[in-house]
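**Q** What follows is each chain in one-letter form.
2 protein chains.
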Amino acid sequence: MKLFDLFRRSRETTSANAAKQRLQVLLTLERSAMTGPDFLPLMQRELLDVIKKYVEIDDGKVKVEFERDQSMSMLAVNIELPPDMLGKPV
Amino acid sequence: MKLFDLFRRSRETTSANAAKQRLQVLLTLERSAMTGPDFLPLMQRELLDVIKKYVEIDDGKVKVEFERDQSMSMLAVNIELPPDMLGKPV
Numbered sequence: 001m002k003l004f005d006l007f008r009r010s011r012e013t014t015s016a017n018a019a020k021q022r023l024q025v026l027l028t029l030e031r032s033a034m035t036g037p038d039f040l041p042l043m044q045r046e047l048l049d050v051i052k053k054y055v056e057i058d059d060g061k062v063k064v065e066f067e068r069d070q071s072m073s074m075l076a077v078n079i080e081l082p083p084d085m086l087g088k089p090v
Numbered sequence: 001m002k003l004f005d006l007f008r009r010s011r012e013t014t015s016a017n018a019a020k021q022r023l024q025v026l027l028t029l030e031r032s033a034m035t036g037p038d039f040l041p042l043m044q045r046e047l048l049d050v051i052k053k054y055v056e057i058d059d060g061k062v063k064v065e066f067e068r069d070q071s072m073s074m075l076a077v078n079i080e081l082p083p084d085m086l087g088k089p090v
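Going line by line, the protein sequences match chains A and B.
The UniProt record's numbering puts the first sequence at residues 1 to 90.
The UniProt record's numbering puts the second sequence at residues 1 to 90.
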């Protein structure tokens, strides 16, 4: 996966980040016409609720960015995870 | 958002894609130690269920890729959306 290599390189260059455990959720909506309400921000709360079933999340360690132009919108949710996080037993 | 520009450029270069309406969900988990089960694939079904509340999805138009190395795992869900999709009223 091309994106996999891209993200891995960006992680290697920021050694300060290397020790941090982080989950990034990136939603990219590409539309031919940018009409109507954008549903990405509406989904954010429910997506986080799903993730919380699998890993402990401190809401204070969640950073959300949203950007939109005439043909694309992007929601980025960056979650810093606790060091001892190994995923709750499901 | 740096990633926003990156994705926009990649969309512009592939004009064939420009007309398509697409939603990409990218989950990147960066861990200091790659131990224990990976919970990204476990979340996939529930994340799709959340998205289906906001937009119609044809399961035949969903492409999933998963990749993992010793410090990072990535789940990419690419969803081609119907042309008339404007998001269901919530």
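Treat the hints with care, as some may be off.
Copies of the same chain look alike in the list, so a pair counts if it fits in one copy or across any two.
[What the hints assert, rightly or not] With a cut-off of at most 16 Å between alpha-carbon atoms, the simulated EDC-like pairs for lysine to aspartate or glutamate come out as follows: (1) LYS2 <-> GLU46; (2) LYS52 <-> ASP38; (3) LYS61 <-> ASP38; (4) LYS52 <-> GLU80; (5) LYS20 <-> GLU80; (6) LYS63 <-> ASP38; (7) LYS53 <-> GLU65; (8) LYS20 <-> GLU65; (9) LYS20 <-> GLU46; (10) LYS52 <-> GLU65; (11) LYS53 <-> ASP38; (12) LYS2 <-> ASP49; (13) LYS20 <-> GLU56.
No lab work stands behind these hints: they were computed from the structure.
**Q** A separate judgement is required for each hint: does it hold in the structure or not?
**A** Against the structure, the hints come out as follows:
1. LYS2 <-> GLU46: neither (28 Å within a copy, 25 Å between copies)
2. LYS52 <-> ASP38: between (24 Å within a copy, 15 Å between copies)
3. LYS61 <-> ASP38: Classified as neither: same-chain Cα gap 25 Å, cross-chain 21 Å, threshold 16 Å.
4. LYS52 <-> GLU80: Cα proximity of LYS52 and GLU80: one copy only (13 Å, versus 27 Å across).
5. LYS20 <-> GLU80: Answer is within: at 7 Å inside a copy they meet the 16 Å cutoff, but 33 Å across does not.
6. LYS63 <-> ASP38: neither (19 Å within a copy, 22 Å between copies)
7. LYS53 <-> GLU65: neither (22 Å within a copy, 22 Å between copies)
8. LYS20 <-> GLU65: neither (20 Å within a copy, 24 Å between copies)
9. LYS20 <-> GLU46: neither (25 Å within a copy, 26 Å between copies)
10. LYS52 <-> GLU65: neither (19 Å within a copy, 22 Å between copies)
11. LYS53 <-> ASP38: between (26 Å within a copy, 14 Å between copies)
12. LYS2 <-> ASP49: neither (29 Å within a copy, 26 Å between copies)
13. LYS20 <-> GLU56: So LYS20 and GLU56 pass the 16 Å test inside one copy only (15 Å; across, 36 Å).
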